[in-house]
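Participant: Heads up: the sequence shown begins at 900 in this note's numbering, then just goes up one per residue.
Be a bit skeptical, because a hint or two may be false.
What the hints assert, rightly or not - Listed below are the simulated DSSO-like cross-link pairs for lysine-lysine, each with C-alpha atoms no more than 30 Å apart in a straight line:
1. Lys1570 with Lys1408
2. Lys1629 with Lys1597
3. Lys1570 with Lys1597
It is worth saying that the hints were derived from the structure and are not from the lab.
Everything numeric in this text was worked out from a predicted model, so none of it was measured.
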Amino acid sequence: MGKTKTESIPADVYIQFVRSLFDNAHMLVIGGACYWILGFMIYQRTQNLLFLAFSFILLPISLLRYFGIRSFLKTGGMIADVEHAHRLERSYIFKGCLQGLGLGALCFVSIYVYPDPFAELAAMSLTLATLVTVVARNYGSPRMVRIFSVTFIGPMAVALLLRQDAPSVVLGLMIFPMTFITINSADHVRNVLFSAVIGHQQAKSITRRFDRALNTMSHGLVMLGPDGRVAVANAEAAHLMSLKSADALLGRSIHGLLMRGVAGGMLAPKDCRYVEAQLTRALREGRDRKVLVSLANGQHYEFSAREGSQELGVITFEDVTARVEAEEKIRFMARYDNLTGLPNRAYFHELVGELMASGDRDRLCGLAVIDLDDFKSVNDTLGHPVGDGLIYAVADRLAAIAGQGLTVSRFGGDEFMLFFDRIDDESHLESLLDRIFAELQGEVDVAGHGLRIQASAGAVLSKVGGTDVDAMIVKADLALYKAKELGKNGWRLFEAAMDAAFRNRQLMKADLRSAVESRDLRVVYQPIVAMNTMRIASCEALCRWDHPDLGPISPGIFIPLAEEMGIISEISTFVLHAACTECAKWPDQTSVSVNLSARDFRSRDVIQKVRDALANSGLAAGRLEIEVTETALLDDKSLTRQYIEELKQLGVRIALDDFGTGYSSLSYLHKLPLDKIKIDRSFVMDITHNPRSLELLKGVVDLTRILGLTVTIEGVETFEQLKVLLHSVKPDLVQGFLFGAALSASGIETMSNVTWPFAADLRLAAKRTAG
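Construct all of the structure, not just a fragment, from the sequences and the given hints.
Facilitator: Shown next as structure tokens:
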């Protein structure tokens, strides 16, 4: 095999072909013996010494070839490289040429020089028999096959042609195709073996890649055969199962694998049965199914099962402890107040709603709202950290009496809410509240300050089937206002005499409806400042109502009224159009943010509402940001997601408002097409003195950053808070009273290109910290 030929096949395949020439060396001895016997028999028949000479020439040639092969095999039979293979092939061809020429000469002499019928038959038979072995033995060297074919058949054909009689000439000509048949047969065998070798190498390569992919997976994986036992497993599966190698998993059943956890005390038997049933069902039904398993050591494994091909079932599993803990942390942040650890407003509403929806609908329940008296003076005189300490002390005392039948929540600020699930009568509720107030009495030490707890409360007693949470809160609030009117430091139960307050509320509703219809509301804008420039990057549109008789009405009063009346969407439309119209007049770098209510997302009209506002104002869609509340997400997740995606198609940006105050879920961040997260002010309140709060805030910001979301932090009220945010948290945007009250549209336009006055102080503080 020459250099040109070997270039067409890989070197390792060529070496294997050359190696095949040195197999079956004993055949050469057998052939040599046959040559000697046949030559000697021809000599006996013809008494021609030339034939005896052939007999003694062919046998040594065969032995020479045999011992050459044996010598190669004794050295190990290994071919080091292509050059070594070339040398071995040349030596093999040289010795083969001698044998081919010897046999060819024997045929020529027996047919033409000293013709004899027996000598002719014997020589041709031996030559043709030898030719048969050429394909099987020498396919690895095309040159050897050609040389043998020519030296074996060529002299025989020439001898027949030289006889010049018709039969001999025809026979001589017919012998030539034998050469091509032999060569083509050898080529075919070589090509078939070449394909097999390449296929084997490819299969090994695929196997190696599969094995590498399998064993570098972060998930454990096992594949089950038709008998339900492990046929394939990877290294991570063995690691998670505390086995030394993947081979130790082979042949085990699902039951056997799970029972290892039971035997080690990591998995309860009932959990083992449940997981086995779920995985088996998934494999049987051909549907993906995931099962989360909590182990005794605090770890969490998630198993996924699906039906594979060729009756193989696939089970993957991974240690999801970090994910579960992160989700639990986020869930806790969403449900519980950061300062006190009590259920927050949204979670309290959810818990009470569930309690009221179950059990006897005719039973009595009670709700009380507790508000600390003169709490603002504590913050103003002693500072917010001391105020937070007082709130924590009150929450601690309330938590101590919470339990079966009593749910306690921090509603925000200095306000706490209590729900009594089952009350016998009015005197029962009164005794409970008296006991609670007695427990609250006394002084607490907060950072060296002796503070006396003083609170007012309002309560309401209602039949479960005749009220709802919101109605009870309204009545309790009215009772609280009455308690404060009567001198604070006490509590009042809602009475029929307080109906006047309801009538006033109804009058306010009528006035609000008139204000909305006559467009007597106005819109102001709270700056949202970029941390890197200390300039207004955006602003949040806020609705204000100036009552003709009562003066400015807090949004905290008229917005809930509007939601209760079902006209909140009309207010949203008014604010949206006003904000887009004003923003179109501002510099291009300033955008506007509008908060749409949960009610807006109950109808597809919200899409057209935003589209009309953009079209009428001429505002670029990218300068409008829609803030979505978690309440909207909870109403109908799938429908809300669809509307949000359609809004995104308009080009507007989407922000999740007040993240961390409601039933926040990682699924919102993962599934919804959000651009921004607005982190609630409750995360900022104590970051200047509470390292835990700071770390929690950093964790939330880092989590949102990983998802590629812009971060706005609300409620920045002090320069110290801003410095901490700059150095440790690094949000994209901030907003809060530190940057002043909400501005008019013209005020925003004026301030758009103005750097905030304390930006220089902030940079100086940053340099000092860095130094």
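Participant: Each hint should be assessed against the structure and marked as holding or not.
Facilitator: How the hints compare with the structure:
1. Lys1570 with Lys1408: 38 Å, violated
2. Lys1629 with Lys1597: 9 Å, holds
3. Lys1570 with Lys1597: 22 Å, holds
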